[in-house]
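Turn these sequences into a full structure, and let the hints guide you.
These protein sequences, in sequence, are chains E and L. For the first sequence, our numbering begins at 1 and goes up steadily by one. For the second sequence, our numbering begins at 1 and goes up steadily by one.
Worth double-checking, as some hints may not be accurate.
Identical chains blur together in the list; that is why a pair holds if it fits in one copy or across any two.
[Unchecked claim] Taking lysine to any residue and the SDA-like style, the derived pairs with C-alpha atoms no more than 25 Å apart in a straight line are:
#, residue 1, residue 2
1, Lys6, Glu27
2, Lys60, Asp19
3, Lys83, Ala35
4, Lys46, Gly65
5, Lys46, Asn8
6, Lys58, Leu21
7, Lys46, Lys58
8, Lys83, Thr112
9, Lys83, Ile68
10, Lys46, Ser71
11, Lys60, Glu107
12, Lys83, His32
13, Lys83, Phe41
14, Lys60, Ser22
15, Lys83, Glu66
16, Lys60, Glu117
17, Lys46, Pro34
18, Lys60, Glu16
19, Lys58, Asn104
20, Lys58, Ser105
Honestly, the hints are just simulated from the structure, not real lab data.
Protein chains: 2
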Amino acid sequence: MSNFSKVNVLDDARVELHDQLSLTGAEISMNHLPAGTSVPFVHSHKQNEEIYGVLSGKGKVVIDGETILLSEGDWLRIAPVAKRQFFASDDASMRFVCIQVKENSLEGYTMTDAVVE
Amino acid sequence: MSNFSKVNVLDDARVELHDQLSLTGAEISMNHLPAGTSVPFVHSHKQNEEIYGVLSGKGKVVIDGETILLSEGDWLRIAPVAKRQFFASDDASMRFVCIQVKENSLEGYTMTDAVVE
Numbered sequence: 001m002s003n004f005s006k007v008n009v010l011d012d013a014r015v016e017l018h019d020q021l022s023l024t025g026a027e028i029s030m031n032h033l034p035a036g037t038s039v040p041f042v043h044s045h046k047q048n049e050e051i052y053g054v055l056s057g058k059g060k061v062v063i064d065g066e067t068i069l070l071s072e073g074d075w076l077r078i079a080p081v082a083k084r085q086f087f088a089s090d091d092a093s094m095r096f097v098c099i100q101v102k103e104n105s106l107e108g109y110t111m112t113d114a115v116v117e
Numbered sequence: 001m002s003n004f005s006k007v008n009v010l011d012d013a014r015v016e017l018h019d020q021l022s023l024t025g026a027e028i029s030m031n032h033l034p035a036g037t038s039v040p041f042v043h044s045h046k047q048n049e050e051i052y053g054v055l056s057g058k059g060k061v062v063i064d065g066e067t068i069l070l071s072e073g074d075w076l077r078i079a080p081v082a083k084r085q086f087f088a089s090d091d092a093s094m095r096f097v098c099i100q101v102k103e104n105s106l107e108g109y110t111m112t113d114a115v116v117e
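Laid out in structure tokens, this is it:
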């Protein structure tokens with residue numbers, strides 16, 4: 001396998017990167033909810049932590065019944081067990097990235113994992 | 001620990017989310033290279049896969065001596081062993097997200113890990 005893989009996802013409504021990039025430590029999806037719409041179900045996870053980042057627009061997420069307003073630049077961690085549903089605003093769409101990783105899977109990182117030449 | 005955590009990182013030059021969000025499966029950094037600048041070193045990793053996403057602007061990355069041009073919407077996987085260095089364009093800055101995860105740590109995902117209510 002090549003030491004890198006690359007894809008451009010700028011113009012798609014939803015893109016899942018795991019297979020396109022041959023990811024082995026995460027699934028990453030790019031999502032675009034038009035104004036007034038939502039992900040059509042509530043979900044939780046068995047073992048994956050999810051990290052969400054709002055790339056543009058605004059909306060909200062309901063987590064275990066609590067409503068959190070969202071706008072560009074917001075990043076959230078959501079524990080596997082939490083029940084979540086994302087909504088775009090009534091008057092603005094929302095683009096966001098969702099990163100699924102196995103909870104407690106990270107060991108070293110940055111200074112303890114990088115090798116600087 | 002709460003079932004979620006949230007932070008806004010819109011206006012910062014570099015932000016590391018691991019500690020701010022109590023992440024357990026990834027380290028995520030938001031990065032902003034001004035035009036004409038680069039990450040000041042070449043690096044690789046011991047065991048972490050890195051996934052990079054270009055949020056705005058343009059630039060390039062050199063991976064094991066190969067130059068790949070980058071623009072908004074580009075996403076890359078880079079294997080731990082690959083030697084990499086990121087550069088903004090001479091005439092445009094580049095904002096990107098970097099996601100570190102342990103290689104081969106993901107088990108189920110999406111349909112095999114989600115629980116739909």
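Going down the list of hints, with the structure as the test:
1. Taking the closest pair of Cα atoms, Lys6 and Glu27 come within 25 Å of each other both inside a single copy (15 Å) and across two copies (20 Å).
2. For the homomeric pair Lys60 and Asp19, the shortest alpha-carbon distance between copies (23 Å) is at most 25 Å, but the shortest distance inside one copy (29 Å) is not.
3. In this assembly of identical chains, the alpha carbons of Lys83 and Ala35 lie at most 25 Å apart only when taken from the same copy (22 Å versus 42 Å across copies).
4. Taking the shortest alpha-carbon separations for Lys46 and Gly65, only the intra-copy value of 19 Å comes in at or below 25 Å, while the best inter-copy value is 41 Å.
5. In this assembly of identical chains, the alpha carbons of Lys46 and Asn8 never lie at most 25 Å apart, being 30 Å within a copy and 27 Å across copies at closest.
6. Taking CA atoms no more than 25 Å apart as the test, Lys58 paired with Leu21 passes between copies only; the shortest distance there is 20 Å, against 28 Å inside one copy.
7. Taking the shortest Cα distances, Lys46 and Lys58 never come within 25 Å of each other, neither inside one copy (28 Å) nor across copies (38 Å).
8. Taking identical chains as interchangeable, the C-alpha atoms of Lys83 and Thr112 lie at most 25 Å apart only when they sit on different chains, with a minimum of 16 Å there against 33 Å within one chain.
9. Taking the shortest alpha-carbon separations for Lys83 and Ile68, only the intra-copy value of 13 Å comes in at or below 25 Å, while the best inter-copy value is 40 Å.
10. In this assembly of identical chains, Lys46 and Ser71 lie within 25 Å of each other by CA distance neither inside one copy nor across copies; the values are 28 Å within and 35 Å between.
11. In the homo-oligomer, the alpha carbons of Lys60 and Glu107 never lie at most 25 Å apart, since the shortest distance is 32 Å inside one protomer and 29 Å across protomers.
12. Proximity of Lys83 and His32 under a CA criterion of 25 Å is satisfied intra-copy only: 20 Å inside one chain copy versus 33 Å between copies.
13. Within a single copy, Lys83 and Phe41 get their C-alpha atoms as close as 10 Å, which meets the 25 Å cut-off; across copies the closest is 41 Å, which misses it.
14. Only between protomers do Lys60 and Ser22 lie at most 25 Å apart by alpha-carbon distance; the minimum there is 21 Å, versus 31 Å within a single protomer.
15. For a Cα distance limit of 25 Å, the shortest separation of Lys83 from Glu66 inside one copy, 10 Å, qualifies, whereas the shortest one across copies, 43 Å, does not.
16. Taking the shortest alpha-carbon separations for Lys60 and Glu117, only the inter-copy value of 19 Å comes in at or below 25 Å, while the best intra-copy value is 43 Å.
17. In this homomeric assembly, Lys46 and Pro34 never come within 25 Å of each other (Cα to Cα): the closest approach is 28 Å inside a single copy and 41 Å across copies.
18. In this assembly of identical chains, Lys60 and Glu16 lie within 25 Å of each other by CA distance both inside one copy and across copies; the values are 22 Å within and 23 Å between.
19. For the identical chains of this complex, Lys58 and Asn104 are neighbours neither inside a copy (30 Å) nor across copies (34 Å), given an alpha-carbon limit of 25 Å.
20. In this assembly of identical chains, Lys58 and Ser105 lie within 25 Å of each other by CA distance neither inside one copy nor across copies; the values are 31 Å within and 32 Å between.
Checked against the numbered hints given earlier, the structure breaks hints 5, 7, 10, 11, 17, 19, 20 and satisfies all the rest.
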